[in-house]
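J.: Sequence:
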Amino acid sequence: MPQNKPRDVQAAPIAEGILALRARSWNRLRFEIEYALERGTTANSFVLQGDRMAIIDPPGGTFTQIYLAALQSRIDIRRVDYVILGHVNPNRIETIKELLKLNPNITLVCTNPGAITLKEGFGKDENENGISPEPLKLQIMRGGEELDLGKGKVLQFYPTPTPRWPDGMCTYDRQAGILFTDKLFGCHTCSDQVFDEGWQVFSADRRYYFDCLMANQTRQVETALDKITPLATQFYAPGHGPMLRYGLHELVGSYRHWCETQKQQSILVTLLYASAYGNTATLGDAIARGINKAGIAVEIINCENAEPAEIKESIEKCAGFLIGSPTLGGHLPTQVQTALGIVLANAPKSCPAGVFGSYGWSGEAVDILTSKLQDAGYNMGFEPIKIKFKPTQATLQICEETGTDFAQNIKRAKKVKKTMSPTTTVEEAVGRIVGSLSVVTVKREEVSSAMLASWVSQATFNPPGLTVSVAKERAIESYMHQGDRFVLNILEEEKQLYRHFLKKFAPGEDRFVDVETEPAQNGSPILKDALAYLECKVEQRMECGDHWVVYAKVEDGKVLEPNGLTALHHRKSGSHY
Numbered sequence: 005m006p007q008n009k010p011r012d013v014q015a016a017p018i019a020e021g022i023l024a025l026r027a028r029s030w031n032r033l034r035f036e037i038e039y040a041l042e043r044g045t046t047a048n049s050f051v052l053q054g055d056r057m058a059i060i061d062p063p064g065g066t067f068t069q070i071y072l073a074a075l076q077s078r079i080d081i082r083r084v085d086y087v088i089l090g091h092v093n094p095n096r097i098e099t100i101k102e103l104l105k106l107n108p109n110i111t112l113v114c115t116n117p118g119a120i121t122l123k124e125g126f127g128k129d130e131n132e133n134g135i136s137p138e139p140l141k142l143q144i145m146r147g148g149e150e151l152d153l154g155k156g157k158v159l160q161f162y163p164t165p166t167p168r169w170p171d172g173m174c175t176y177d178r179q180a181g182i183l184f185t186d187k188l189f190g191c192h193t194c195s196d197q198v199f200d201e202g203w204q205v206f207s208a209d210r211r212y213y214f215d216c217l218m219a220n221q222t223r224q225v226e227t228a229l230d231k232i233t234p235l236a237t238q239f240y241a242p243g244h245g246p247m248l249r250y251g252l253h254e255l256v257g258s259y260r261h262w263c264e265t266q267k268q269q270s271i272l273v274t275l276l277y278a279s280a281y282g283n284t285a286t287l288g289d290a291i292a293r294g295i296n297k298a299g300i301a302v303e304i305i306n307c308e309n310a311e312p313a314e315i316k317e318s319i320e321k322c323a324g325f326l327i328g329s330p331t332l333g334g335h336l337p338t339q340v341q342t343a344l345g346i347v348l349a350n351a352p353k354s355c356p357a358g359v360f361g362s363y364g365w366s367g368e369a370v371d372i373l374t375s376k377l378q379d380a381g382y383n384m385g386f387e388p389i390k391i392k393f394k395p396t397q398a399t400l401q402i403c404e405e406t407g408t409d410f411a412q413n414i415k416r417a418k419k420v421k422k423t424m425s426p427t428t429t430v431e432e433a434v435g436r437i438v439g440s441l442s443v444v445t446v447k448r449e450e451v452s453s454a455m456l457a458s459w460v461s462q463a464t465f466n467p468p469g470l471t472v473s474v475a476k477e478r479a480i481e482s483y484m485h486q487g488d489r490f491v492l493n494i495l496e497e498e499k500q501l502y503r504h505f506l507k508k509f510a511p512g513e514d515r516f517v518d519v520e521t522e523p524a525q526n527g528s529p530i531l532k533d534a535l536a537y538l539e540c541k542v543e544q545r546m547e548c549g550d551h552w553v554v555y556a557k558v559e560d561g562k563v564l565e566p567n568g569l570t571a572l573h574h575r576k577s578g579s580h581y
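Note that this note's numbering has the sequence shown beginning at 5, numbered continuously upward.
It is possible that some hints are incorrect.
Listed next, the in silico DSSO-like pairs over lysine-lysine satisfying Cα-Cα at most 27 Å (straight line) [as the list claims (entries may be wrong)]:
#  : residue 1 : residue 2
1  : K541      : K557
2  : K376      : K415
3  : K418      : K499
4  : K316      : K392
5  : K101      : K321
6  : K321      : K415
7  : K557      : K576
8  : K541      : K576
9  : K316      : K394
10 : K415      : K267
11 : K392      : K353
12 : K418      : K392
13 : K316      : K155
14 : K321      : K394
15 : K541      : K418
16 : K419      : K576
17 : K316      : K267
18 : K376      : K392
19 : K155      : K123
20 : K532      : K576
21 : K419      : K499
22 : K562      : K419
23 : K499      : K415
24 : K353      : K419
25 : K155      : K141
26 : K476      : K507
27 : K507      : K415
28 : K476      : K316
29 : K394      : K418
30 : K394      : K507
31 : K557      : K418
32 : K576      : K476
33 : K267      : K476
34 : K415      : K392
35 : K353      : K316
36 : K392      : K321
Here are the computed distance ranges between Cβ atoms for each label pair [claimed, not checked]:
#  : residue 1 : residue 2 : range
37 : I144      : K105      : 22 to 28 Å
38 : N567      : R223      : 55 to 61 Å
39 : A313      : P10       : 25 to 31 Å
40 : E387      : R503      : 23 to 29 Å
If you are wondering where the hints come from, they were derived from the structure by calculation, not from laboratory data.
Positions of the beta carbon are idealized from the N, C-alpha and C atoms, including for glycine.
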């Protein structure tokens, strides 16, 4: 990945009468969990030309100026008839406003929830400037409608609402056989590659994208798949990443498999939220990912679009619930108040609860929710999370770890009611496998983490390589993806470091208090009291049941205590560490 390369726009014709304009950021774009792999991203927009012209999915405000410059160098914006929106958010509205300044006659094509968001976004112009904006020209698609651009180019629209994007919509160009999928089937990676030749190299990025954004709304994702997969398509054109042609059927199959895996989880957590500017939703996504990592299903419900019956049904079957809210004028949004009433009337008092939210000035909403739940007799599963303005990478790490702890506590409570089976002879035999004790350490920007590891093995001579097995719910797992770097600190027989890293750390707690460290060349901490250390780069990882097996190449290393002996981990059972 090129470092510090300026943002640009790549233009590529992808079919007759269709031009892709891929606004590219080569480095990390923003602090949201789905961008955490730091591979950059593309915001894909498309220009469709028949007798009339349409633009599909202009990018957000991050790219507005370079996008408009690229667009004006290729078309006359005054000839654009339609702008079609797969979803609407405040960031995208910034670009739409600039397009309408250049051509006020553009008709905006979207779903009804998208039209509501547009009206609210443009209404702020009147509130802030005292000037009433021009009425928007809207064409609302509810499903089944067609838009004829002429020359045989007929577009069909398929609403695909989810809690995160209630206005979601896919657009199908019947003539070209292209489905513009917006958020579905994307991934955050940046390159010169327009299509997905060698599609396997994108598999890990696409899985990560699904886990961050889709795994907590699988019911709606499956409904969307049922709508769009019968269409005769040449390829899918998502809003992020390369066009999906060569690995299309495999990825659709993977989406269905991943959805089914989530549905098979026996424990459910309900996560209710409203989000004025997207910040509370971002916190919710991070918490949900942490819960998912611990093997518990999450059902996210956007209170702004959900029916009371939907909230009631989910609450009645959940083993725990979370409520997220922004603060509006010192109060809870009306939709959150309604959801809270349903929760108080239907959630068993045995359900652990959690509260989170973002705010701009005062932040009373989180305190109000916490007080109401405590007064009603619910136990809080964690300290309320209250974040001012946009979350940072460190904040999102705390949210993810909080979600994992919340889920693990629920699982422990459920296991109390089960009869524990005795250790089998097979488990006893597996437990006799001996591993060396090590500490894996990582650092990325302001976030650092560490994990005590005993399932470590040399894997290759040339290049020197090793494998580390990492449980899915471990906090450090998020920093052990392909291309990431870490240090493996091999422990000596003495037990001081072992005891320190054996303890349970609170979400966001500094793992290195009272531990002497120095930075490795790859930036991760070296434990000065270790027996030896190895600087490693993740080359591959493989999903194996409840763990990821990570293969890493050793790039550097040193023995710190030449006469020391490696600490070993002896077990009597293969069913736990």
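J.: Run every hint past the structure and note whether it holds.
T.: Hint-by-hint comparison with the structure:
1. K541 x K557: Measuring from Cα to Cα gives roughly 5 Å; hence the hint holds.
2. K376 x K415: holds, 25 Å
3. K418 x K499: Not OK: K418 and K499 at ~33 Å, beyond 27 Å, violated.
4. K316 x K392: violated, 30 Å
5. K101 x K321: Distance ~44 Å between K101 and K321 Cα, so the pair is violated.
6. K321 x K415: holds, 15 Å
7. K557 x K576: violated, 31 Å
8. K541 x K576: violated, 32 Å
9. K316 x K394: Violated - the C-alpha atoms of K394 and K316 are around 30 Å apart, more than 27 Å.
10. K415 x K267: holds, 17 Å
11. K392 x K353: violated, 30 Å
12. K418 x K392: violated, 35 Å
13. K316 x K155: violated, 49 Å
14. K321 x K394: violated, 32 Å
15. K541 x K418: The given pair, whose Cα atoms are some 38 Å apart, is violated under the 27 Å limit.
16. K419 x K576: Holds. K419 to K576 sits at ~21 Å (cutoff 27 Å).
17. K316 x K267: Distance ~19 Å between K316 and K267 Cα, so the pair holds.
18. K376 x K392: Judged against 27 Å, a Cα distance of about 22 Å means the pair holds.
19. K155 x K123: violated, 32 Å
20. K532 x K576: violated, 31 Å
21. K419 x K499: Roughly 31 Å between the alpha carbons, so the hint for K419 and K499 is violated.
22. K562 x K419: Since the Cα atoms of K562 and K419 sit roughly 43 Å apart, the hinted pair is violated (cutoff 27 Å).
23. K499 x K415: violated, 30 Å
24. K353 x K419: Holds, at roughly 19 Å.
25. K155 x K141: holds, 24 Å
26. K476 x K507: Measuring from Cα to Cα gives roughly 18 Å; hence the hint holds.
27. K507 x K415: holds, 19 Å
28. K476 x K316: violated, 31 Å
29. K394 x K418: violated, 35 Å
30. K394 x K507: violated, 31 Å
31. K557 x K418: violated, 40 Å
32. K576 x K476: holds, 23 Å
33. K267 x K476: holds, 18 Å
34. K415 x K392: violated, 31 Å
35. K353 x K316: holds, 15 Å
36. K392 x K321: violated, 32 Å
37. I144 x K105: 22 to 28 Å: With a Cβ separation near 23 Å, I144 and K105 satisfy 22 to 28 Å, so the hint holds.
38. N567 x R223: 55 to 61 Å: Taking Cβ atoms as reference, N567 and R223 lie about 60 Å apart, which means the hint holds.
39. A313 x P10: 25 to 31 Å: violated, 50 Å
40. E387 x R503: 23 to 29 Å: holds, 26 Å
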